[in-house]
Each structure stands twice: as structure tokens, then as C-alpha cells.
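Novice: Sequence:
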Amino acid sequence: MKKARKMPITRTISIVVFLSAIASVSTAAAIGADLQMHRAVYDLSLGRSQPVSDVAGIEGRMVVEWRGGVACGGYTSTQRVVTHVTGGDDASVSNDVRLSTWEAADGDEFRFTRTEYLNGQLIETESGFARRDAAKGKTTVEREGEAPIEMSGDVLFPVAHGLALMAAAEAGKQIFTAPLFDGTEETENPTNAFIGKALAVPRAVAEAAIVTGEGARLADMKAWPVRLSYFDGDNLEGLPDFEMGYLLFPNGVSAALVLDYSDVEMVGELTELHYFEPGSC
Numbered sequence: 399m400k401k402a403r404k405m406p407i408t409r410t411i412s413i414v415v416f417l418s419a420i421a422s423v424s425t426a427a428a429i430g431a432d433l434q435m436h437r438a439v440y441d442l443s444l445g446r447s448q449p450v451s452d453v454a455g456i457e458g459r460m461v462v463e464w465r466g467g468v469a470c471g472g473y474t475s476t477q478r479v480v481t482h483v484t485g486g487d488d489a490s491v492s493n494d495v496r497l498s499t500w501e502a503a504d505g506d507e508f509r510f511t512r513t514e515y516l517n518g519q520l521i522e523t524e525s526g527f528a529r530r531d532a533a534k535g536k537t538t539v540e541r542e543g544e545a546p547i548e549m550s551g552d553v554l555f556p557v558a559h560g561l562a563l564m565a566a567a568e569a570g571k572q573i574f575t576a577p578l579f580d581g582t583e584e585t586e587n588p589t590n591a592f593i594g595k596a597l598a599v600p601r602a603v604a605e606a607a608i609v610t611g612e613g614a615r616l617a618d619m620k621a622w623p624v625r626l627s628y629f630d631g632d633n634l635e636g637l638p639d640f641e642m643g644y645l646l647f648p649n650g651v652s653a654a655l656v657l658d659y660s661d662v663e664m665v666g667e668l669t670e671l672h673y674f675e676p677g678s679c
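399 is the number of the first residue of the sequence shown in the working numbering; add one for each residue after it.
You can trust all of the hints, since none of them are fake.
The calculated label-pair distances, taken between Cβ atoms and stated as ranges, are:
{"no.": "1", "residue 1": "T476", "residue 2": "A602", "range": "27 to 37 Å"}
{"no.": "2", "residue 1": "M619", "residue 2": "V656", "range": "17 to 27 Å"}
{"no.": "3", "residue 1": "E544", "residue 2": "S443", "range": "32 to 42 Å"}
{"no.": "4", "residue 1": "E675", "residue 2": "K571", "range": "27 to 37 Å"}
{"no.": "5", "residue 1": "T575", "residue 2": "E548", "range": "17 to 27 Å"}
{"no.": "6", "residue 1": "N590", "residue 2": "H482", "range": "25 to 35 Å"}
{"no.": "7", "residue 1": "D531", "residue 2": "G570", "range": "25 to 35 Å"}
Derived BS3-like pairs (lysine-lysine); straight-line CA-CA distance at most 25 Å:
{"no.": "8", "residue 1": "K571", "residue 2": "K595"}
{"no.": "9", "residue 1": "K595", "residue 2": "K620"}
{"no.": "10", "residue 1": "K571", "residue 2": "K620"}
In case anyone wonders, no lab produced these hints; they're calculated from the structure.
Beta carbons: idealized from backbone N, C-alpha and C, even for Gly.
All chains, please: the whole structure from these sequences, using the hints.
Specialist: Okay, structure coming up:
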């Protein structure tokens, strides 16, 4: 049985990977060599809100850092999301979620540690390890103090999922579907992405991000508009649990985030972007 779901603020920490593409390991590795390791900062605010949500305001920040690559044997990520949510009665809640992960370059191993604070108090922490064995058709997840959980062998971890989505976009495909395990849920989430045609970056997006370090400015690139839906594996016929819209750049950077929790939306504006030197493991 899956854990009871809550408003998945924790889900926002996985959006930075956004490198989804399912192809062979060799294809993913080739594209992975072109990924730009970076640190990105997103300012979060309230978008659309329905009365039933009882959310009057959202302020926050998401910071994501990616290092590593194929030459390093894998990818390391540290991600933090801090939000302050105000209700209709002016009561406020502060949420602080931190996630550290490592994923093997071949996409077969994944380690994760997640910690969550509510109003400054630690409410949850967990760590685990997952291994994918495509030959045996299974993926095994092990968490401290819990029995191992088995999933299907076609489950993708965040970087492999993201690399595959980029491969689909590069190939001109409009739909990408794959199960994803990112450590924020007990088991995998089926995902479905709609990919639009590459377009010139909107001026507001290009001007908002302060780009430092080596690499081209976002204004010099085109980007694909993507709408990624996450489903509950026990209810595939229903509506998605969560949807996310964003612009995906060829170097793996994402911007113009829209996080849709059905009755409330959170908007993420890319405000800072720092590129790391290639091979900074």
C-alpha cells in the first residue's frame, strides 16, 4: 500500500531533473555528456487558486544543484524547497524539504536522502537505495528499517527519466511515457509528458535569469514547452495527482515552472543560474 498522499510540496524538488527520455543506455549516456551541470534558483509564488484549496498566498524559493556526469560515473544532486503558505484565515505554514541524491551514469542505481521540516520542526527523514535489474525485470528499493519493495524493471530514476525525455524532444516526439521513481513516494509514479515544438525563449524568461559561469545564455537557445503529469499507480484511469509545466532547454536547464496541484498552482521563476565547469564531480 502506498503512503497517504499530502499536498506534494516535496514533489517540487524532483522537477529539476527534468531530463526525461527513454532510449537505450548508450543513447542516454551520449546525451548526458552534453548536459550542463548547474545551480539554479527559482522564486516561488501562488498562481491559480480555487476556493476549496483555502490557500491565499505562497512565497518560497527552490535551489537545485547538479554535479557529476558520465565521466564521474554518476550524477549528484542537492535540492531544497522552502515555502511559506498562507491560508484564508491568515494562518501560515512554513515547509522546508531537502533532498540529496546520487544516480549512476548507466541509470541502474539510485541513492536518496530526504528530510522535511514543518514550521522549523523536523517531521520526517528517510534514506534509501534502489537498484534496477532490467535482465530480471525488476527494480528493488531498500529503505532503512523497512522491508525491500519491488517494482518493475522498466522504472527510470530521475536523470535517466530526464535524459530520455530530452531524447524524445530532440527526436521531435510529442508524447513521452515512462514510470519514474525519485524517492519522494514509496514506489514509482507512472508519468506522461506532452512535448511542444521548440520555440524561441520568451524575453521575460531570458531577462529574468542571471546567468554566471561557463556556457551560453538562455536567450541564445530554443526551448521545448513540456507538460508532465504524475499518476498514482493504483489509479491509472483517474486524473493525474500532479502536473508540471515548464520550458526545457537542450542543456538540461528548466524555466517558467507551473506546478499544478489541481486546486492550487505554484509558479516558479528562474532568477539565478550558475554553470559549473565540465567534469566537476
